[in-house]
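Trainee: So the chains spell out like this:
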Amino acid sequence: MSAAWIAIRLTAELAALSTASLLLAGTPLAWALARSRSRWKPLFASLVALPLVLPPSVLGFYLLLAMGPHGPIGALTQGLGLGRLPFTFAGLVVGSVLYSMPFVVQPVQQAFESIPERLLEAAATLRATALDRFFTIALPLARPGFVTACVLGFAHTVGEFGVVLMIGGNIPGETRVLSVAIYDHVEAGELPEAHMLAAGMVVFALGVLCALYAINRPARESAEQAR
Amino acid sequence: MIDIRLRLQRQAFLLDVTLALPAQGVTALVGPSGCGKTSVLRAIAGLDRAAGRVALAGETWQDDATGRFVPTHRRPLGYVIQEAALFPHLDVQANLRYGQRRSNGESGRVRLDAVIDLLGITALLPRRPATLSGGERQRVAIARALATGPRLLLMDEPLAALDGARKAEILPYLERLHRELALPIVYVTHAMDEVARLADHLVLMREGRVEEAGPLHALLARTDLSPSREDDAAVVLDARVIEHDMRHGLTRIGQGASSLWVGASRAAPGQPVRARVLARDVSVTRQPPAETSILNIVPVMLESAIVDQATALLSLRVPDAQAGPSAHGWTLLARITSRSFESLHLQPGDALHAQIKGVALM
Numbered sequence: 000m001s002a003a004w005i006a007i008r009l010t011a012e013l014a015a016l017s018t019a020s021l022l023l024a025g026t027p028l029a030w031a032l033a034r035s036r037s038r039w040k041p042l043f044a045s046l047v048a049l050p051l052v053l054p055p056s057v058l059g060f061y062l063l064l065a066m067g068p069h070g071p072i073g074a075l076t077q078g079l080g081l082g083r084l085p086f087t088f089a090g091l092v093v094g095s096v097l098y099s100m101p102f103v104v105q106p107v108q109q110a111f112e113s114i115p116e117r118l119l120e121a122a123a124t125l126r127a128t129a130l131d132r133f134f135t136i137a138l139p140l141a142r143p144g145f146v147t148a149c150v151l152g153f154a155h156t157v158g159e160f161g162v163v164l165m166i167g168g169n170i171p172g173e174t175r176v177l178s179v180a181i182y183d184h185v186e187a188g189e190l191p192e193a194h195m196l197a198a199g200m201v202v203f204a205l206g207v208l209c210a211l212y213a214i215n216r217p218a219r220e221s222a223e224q225a226r
Numbered sequence: 000m001i002d003i004r005l006r007l008q009r010q011a012f013l014l015d016v017t018l019a020l021p022a023q024g025v026t027a028l029v030g031p032s033g034c035g036k037t038s039v040l041r042a043i044a045g046l047d048r049a050a051g052r053v054a055l056a057g058e059t060w061q062d063d064a065t066g067r068f069v070p071t072h073r074r075p076l077g078y079v080i081q082e083a084a085l086f087p088h089l090d091v092q093a094n095l096r097y098g099q100r101r102s103n104g105e106s107g108r109v110r111l112d113a114v115i116d117l118l119g120i121t122a123l124l125p126r127r128p129a130t131l132s133g134g135e136r137q138r139v140a141i142a143r144a145l146a147t148g149p150r151l152l153l154m155d156e157p158l159a160a161l162d163g164a165r166k167a168e169i170l171p172y173l174e175r176l177h178r179e180l181a182l183p184i185v186y187v188t189h190a191m192d193e194v195a196r197l198a199d200h201l202v203l204m205r206e207g208r209v210e211e212a213g214p215l216h217a218l219l220a221r222t223d224l225s226p227s228r229e230d231d232a233a234v235v236l237d238a239r240v241i242e243h244d245m246r247h248g249l250t251r252i253g254q255g256a257s258s259l260w261v262g263a264s265r266a267a268p269g270q271p272v273r274a275r276v277l278a279r280d281v282s283v284t285r286q287p288p289a290e291t292s293i294l295n296i297v298p299v300m301l302e303s304a305i306v307d308q309a310t311a312l313l314s315l316r317v318p319d320a321q322a323g324p325s326a327h328g329w330t331l332l333a334r335i336t337s338r339s340f341e342s343l344h345l346q347p348g349d350a351l352h353a354q355i356k357g358v359a360l361m
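Protein chains in written order, with numbering that gives the first Met the number 0: chain A, 0 to 226; chain B, 0 to 361.
None of these hints come from the bench; they were simulated from the model. Glycine is no exception: its CB is placed at the ideal position from the N, C-alpha and C atoms. Just to be clear, a hint being listed does not mean it is correct.
One-sided excerpt, in silico: chain B residues whose CB lies under 10 Å from chain A [as the list claims (entries may be wrong)]: (1) Gly77; (2) Ile80; (3) His88; (4) Arg101; (5) Arg143; (6) Ala146; (7) Ala159; (8) Gly163; (9) Tyr172; (10) Arg175; (11) His177; (12) Arg178; (13) Leu182.
Make a model of the complete structure from these sequences and hints.
Mentor: Here you go:
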């Protein structure tokens, strides 16, 4: 397999795994943020949003320290016999999850927040427990938010560069994802190869966004009618 | 008996109510907006937590003395609010099934097809809530609540969001509900015409407190309570159909020895009906009027009067000769000018004749 295809496959795997992890971890977090009336809510919301404003290299730098032999995450993974995370695929997944967090949590949180309280209360008067209400009312009604979250989470992970470079380096088949491969080609003066991958990314991003808007449009309208 | 003692402090607003509601019939909770009607209903449902006690026929839902608080989803009640609150991602059928499935084995008193039939929504079953009219949505919401087989139905202004025509579409269904199901209903509203049509009992609320509670006809006939001060002050009369006068499009209704002519009713002789008489449609004379166009002239006894600057509100008892003076008979309200009140020298105990200009069948 050519180096380009290895990089593409690696990127797709990283994005898929990160998005799946984010949906699992981010959905309860989004629900908690959407329902919380705690005075600490702004702090947690800010922590989630932090990767939006922080340079990726800052996030990568601290992650590198935390995952290193003397950092808390490094101590934990070594204690569990998992070895060290920096310069591994697993380390990239951890980094991507944190880096893409706001792109998954925020759309889901907004979708949860837009569900009228009276629908959840109606479900309660119809004998549904809190967990039951979450799965049968909140999740289905938040569907547009989940579609947005999946697409943005995936696409944003595909496009990450700074975090990868800081904690992943440039190991073919392990941490050499597309964005890094393009950078390499440019550095080496291989412009045709860089063009191929870069143009591919543009087409991919455009296609993903088109699909997103097409899928979410009718769902959003029907949700508004219900409101 | 539904035993309710609730206390709730919210900023400047204090809710403090003690109520013993009858375990059957429709109890209307009435009062100006912001008086705490909805808060009472939400606390009964367990949606908001007030301090106190809620118990229904021996089953305690909340009792702060023992620390008991049954969560909403385990209270056998139905709850219908102004905006229907149907689940937009489910069709009507699935909306109905939602509560029914989860309440299986709770009582089994109401069968789904019977409920669908009662509210006339068979044709709507495959449709989505977004495609229904406001009135249809409200009927589905009521059916959905009934499908759980509740032991208490709570309704919070179920008709307030509907225009007159839609209201008229739903009211007959609510009356059927009332007639055909032995289900106590607590009905929050500020519309006295709905109260006159549906309620058996009345709870008047004001600024977080209960002004008075009791049987509807007794409370509406009292001159010292707030409904009598409204422009549409009226009494309701429960009666039976006596006879029809088809030629003139009239029906005679009565109770005991008293009777009134009303616009033709479709009810058969002997059937119970309810009529509403507005205080402003009643006037009084000392002598029986002769050769008058007014159909309904009833001998009455003036019980009490409240006189303000311009008007006097009279409470008039219709004596029931057959049942004896102590039996419960009709009471009418009459609003006349204070000038007439003075010129007639009216005194409590006076025998008068009430001329009733209009009687509306409910």
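Trainee: Taking the hints in turn, state whether each one holds.
Mentor: Hints and how they fare:
1. Gly77: Hint on B/Gly77: holds, closest Cβ of chain A at ~7 Å, below 10 Å.
2. Ile80: holds (6 Å)
3. His88: holds (5 Å)
4. Arg101: Hint holds; B/Arg101 Cβ to chain A Cβ min 4 Å, cut 10 Å.
5. Arg143: holds (7 Å)
6. Ala146: With a closest approach of 9 Å, the B/Ala146 hint holds.
7. Ala159: violated (14 Å)
8. Gly163: Cβ of B/Gly163 sits 24 Å from chain A, so the hint is violated.
9. Tyr172: violated (19 Å)
10. Arg175: Where the cut-off is 10 Å and the nearest Cβ of chain A is about 22 Å from B/Arg175, the hint is violated.
11. His177: Interface hint status for B/His177: violated (20 Å vs cutoff 10 Å).
12. Arg178: violated (24 Å)
13. Leu182: violated (15 Å)
In summary, the structure is inconsistent with hints 7, 8, 9, 10, 11, 12 and 13 from the numbered list given earlier, while agreeing with the others.
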